[in-house]
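So the protein sequences, as listed, match chains A and B. Count the first sequence with our numbering and you get residues 1 to 216, in order. Count the second sequence with our numbering and you get residues 1 to 173, in order.
Just so you know, these hints were derived from the structure itself, not from any lab. Check each hint, because a few of them may be wrong.
[As the list claims (entries may be wrong)] Stretch by stretch, here's where chain B covers chain A in the computed footprint (C-beta under 8 Å, at least three residues): (1) 60 to 66; (2) 69 to 77; (3) 107 to 119.
[Claimed, not checked] Now the in silico label distances, taken between C-beta atoms and shown as ranges: (4) A:Ala161 <-> B:Glu113: 31 to 39 Å; (5) B:His156 <-> A:Ala203: 30 to 38 Å; (6) B:Gly108 <-> A:Gly209: 48 to 56 Å; (7) A:Glu189 <-> B:Trp44: 53 to 61 Å.
Positions of the beta carbon are idealized from the N, C-alpha and C atoms, including for glycine.
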Amino acid sequence: MHSNASERTASEPTSLGRPAGERSPLAPTVSNALKIVIVGGFGVGKTTMVGSVSEMRPLSTEEVMTQAGAEVDDLRGVRDKRTTTAAFDFGRITVDATRVLYLFGAPGQKRFWFLWEQLFTGGLGAIVLVDTARVEDSWYAIDRLEHHGMPFVVAVNRFGAGPSLDRVRTALDLSNDVPLLECDARRRESSRDVLITLVHHLASLDRAGSAPKEAS
Amino acid sequence: MTTAPTAHHRTATEQERREGHRLAQRPGGGPDTPMTTTDSSLDWMLENLRGRAAGIHHVLVLSRDGLKMCHTRDLDVDRADQLAAIAAGIQSLSLSASAEFGDASGAGQAMLEYGGGLLLIVGAGKGAHLAVVTGTEADVGVVARHMNELVEQIGHHLTAPPRRRHHEADATR
């Protein structure tokens, strides 16, 4: 029977070295819940990233792609993709005794974009994932974040050799103050580094006096 | 393709943002889309369901990945696309709920009540769901019974099989 939950088995290690079966209950001292949104085009690795960094079994709403999508969902360049997110991904990372990050992965296809509005609400910052073979798929996400005034970093999910980050920055028309880095969304350490970059970026914006305003 | 495109092409307009949920016009099923749901008898069955209980406004069959397959006439194309995406999202979350708190047997029936009406969704054939939008005057029990009867009758026609990958070879870039 199809299960929509993570395919991890209990023995497989998850974030923070704990087996997925051992839940890490949220400490009662937590007072700061920080919402981070992961956006980007279809098949860039958003679900993978939430799954790789979440300390709890991530909620994922993966649905098998059906033949109804043959004329709609362009599978060129998305490798061995068979499922797609129909609502959103959700994961959690406890930073310290008082702070916890909640990760929301947005669905990629245009038909689910209407959900982004709700996902952005209350968000502190965002990660835009980019596949350099399909850079143009990221434009909408960046436009929308700029429109919302939500701070973000851009992470190139490396699927192999590709253009330099400078060229990606030019292709995305990114200003120099937006952090741009490479990652491998499948690896927890790599995804974690992207989150750290985002948090540093948010802190520097805060220091600069332009405190990130909550998206409404 | 590994070269970065040229700059300054991010051009989502305000309208695109607002209407982000709307699908671009797309051509009808080509040879790669052997969908079994386009024949007129199914449309007739959906219209018939609509007439069978009071308060049914729209009936739509959608694939589990959020695309409309067939629907009643009064539902325009844009709203059919929107309803298909919404219903697929709800059923996908239901499936997660069933895996987390139930026996993981999957999404059963979903009912949403909101000001002005109801949205009911049941599983149809493999890979598909049947969604009904009603007004406030509808009797939920009656509508749900008719929906389940319809699925029993024609559920095997309402399927959206997984995509096959060998078409990828045809794709040019």
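We went through each hint and held it up to the structure:
1. With a cut-off of 8 Å between beta carbons, the region 60 to 66 of chain A has 7 residues touching chain B; three or more are needed, and the interface restraint holds.
2. Closer than 8 Å: that is the beta-carbon criterion, and the region 69 to 77 of chain A has 8 residues meeting it against chain B, so the requirement of 3 holds.
3. Taking a C-beta to C-beta cut-off of 8 Å, the region 107 to 119 of chain A contributes 9 residues in contact with chain B, enough for the three needed, and the coverage statement holds.
4. Checked against the hint of 31 to 39 Å, the C-beta distance between alanine 161 of chain A and glutamate 113 of chain B comes to roughly 53 Å, which is inconsistent with it.
5. At about 57 Å, the CB distance of histidine 156 of chain B to alanine 203 of chain A disagrees with the hint of 30 to 38 Å.
6. The hint said 48 to 56 Å for the Cβ distance between glycine 108 of chain B and glycine 209 of chain A, and at roughly 52 Å that hint holds.
7. Between glutamate 189 of chain A and tryptophan 44 of chain B the C-beta distance comes to about 57 Å, which sits within the given range of 53 to 61 Å.
Of the hints listed earlier, those the structure fails to meet are numbers 4, 5, in rising order.
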